[in-house]
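When you get a sec, could you build the whole thing from the sequences and use the hints?
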Amino acid sequence: MLTIRALTYFTKRIHSQSELEEEYYEAERTLNTLESKLIEYGFSVFTKRISFPGLTRDLALRLLDYAGRGIYISTGYSRGLARENIVELTNSGIYTPILHPTGLSLEKAEEYVEIVLSVVRRDLVAATRISLGLHGEDFVTPYYPDSSSPGNRLIGVSLLYPKLLLEYLK
1 MLTIRALTYF
11 TKRIHSQSEL
21 EEEYYEAERT
31 LNTLESKLIE
41 YGFSVFTKRI
51 SFPGLTRDLA
61 LRLLDYAGRG
71 IYISTGYSRG
81 LARENIVELT
91 NSGIYTPILH
101 PTGLSLEKAE
111 EYVEIVLSVV
121 RRDLVAATRI
131 SLGLHGEDFV
141 TPYYPDSSSP
151 GNRLIGVSLL
161 YPKLLLEYLK
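Using my numbering, the first residue of the sequence shown is number 1, and each one after it goes up by one.
I should point out that these hints are in silico values taken from the structure, not numbers from a laboratory.
Take these hints with a grain of salt, some might be off.
Below are the DSS-like pairs computed for lysine-lysine, each with C-alpha atoms no more than 27 Å apart in a straight line [said to hold, decoys possible]:
#1 Lys-48 with Lys-163
#2 Lys-12 with Lys-48
#3 Lys-170 with Lys-12
#4 Lys-37 with Lys-48
#5 Lys-37 with Lys-12
Here are the computed distance ranges between Cβ atoms for each label pair [to be verified]:
#6 Lys-170 with Gly-136: 19 to 29 Å
#7 Arg-83 with Gln-17: 18 to 28 Å
#8 Ser-105 with Glu-167: 40 to 50 Å
Predicted, not measured: the structure shown is a model, and the values here were computed from it.
Cβ atoms here follow ideal geometry from the backbone N, Cα and C, with glycine treated the same way.
Written out as structure tokens, the structure reads:
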């Protein structure tokens with residue numbers, strides 16, 4: 001049996017709490033349907049994930065309502081999150097990537113270090129839910145914690161053991 005490491009639903013852009021709720025449940029339904037079909041074809045799904053396209057502070061904090069339901073969630077490259085927001089999100093199980101534009105100053109680097117330390121002080125494991133992207137631009141990847149939606153609906157798949165796919169196809 002081939003194992004899919006991550007089956008990721010990338011959401012559309014979200015502008016309101018009602019859109020966030022609708023998109024979450026649409027993603028959940030889609031992922032569950034895809035998982036059922038993949039199982040029929042001999043695959044197993046290790047994790048299901050939803051990546052948002054970067055949310056406002058208020059919408060990112062609404063994701064706390066969906067934490068711990070068996071689907072990993074990423075805020076995407078959200079702007080305007082304060083240190084305490086990032087600590088709360090990551091400690092609640094929400095993945096929170098930070099995207100830094102080009103040109104990193106010492107002051108900004110120290111700020112990022114303080115954010116990570118604040119997360120670690122509450123829960124060491126929560127530090128695995130934060131990433132700092134120094135690549136300057138959004139990109140699409142199903143790999144957490146550095147995952148963000150480009151703002152349109154997509155499905156991403158990553159395999160646990162890609163070499164097994166070659167053997168399976170032979």
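Distance restraint evaluation - Lys-170, Gly-136, Cβ atoms, bounds 19 to 29 Å: 40 Å Cβ-Cβ, so the 19 to 29 Å window is violated.
Hint consistency between Lys-12 and Lys-48 [alpha-carbon to alpha-carbon, up to 27 Å]: Holds, at about 17 Å.
27 Å limit on alpha-carbon distance, applied to hinted pair Lys-37 and Lys-12: 23 Å, holds
Beta-carbon spacing of Ser-105 to Glu-167 - inside the hinted bounds 40 to 50 Å or not: 49 Å, holds
Hinted pair Lys-48 and Lys-163, Cα distance within 27 Å: Within the cut-off at roughly 21 Å; holds.
27 Å limit on alpha-carbon distance, applied to hinted pair Lys-170 and Lys-12: 37 Å, violated
18 to 28 Å as the expected CB spacing between Gln-17 and Arg-83, which holds or is violated: Holds, at about 23 Å.
Pair hint Lys-37 and Lys-48, alpha-carbon separation not exceeding 27 Å: 14 Å, holds
Checked against the numbered hints listed earlier, the structure breaks hints 3 and 6; every other hint is satisfied.
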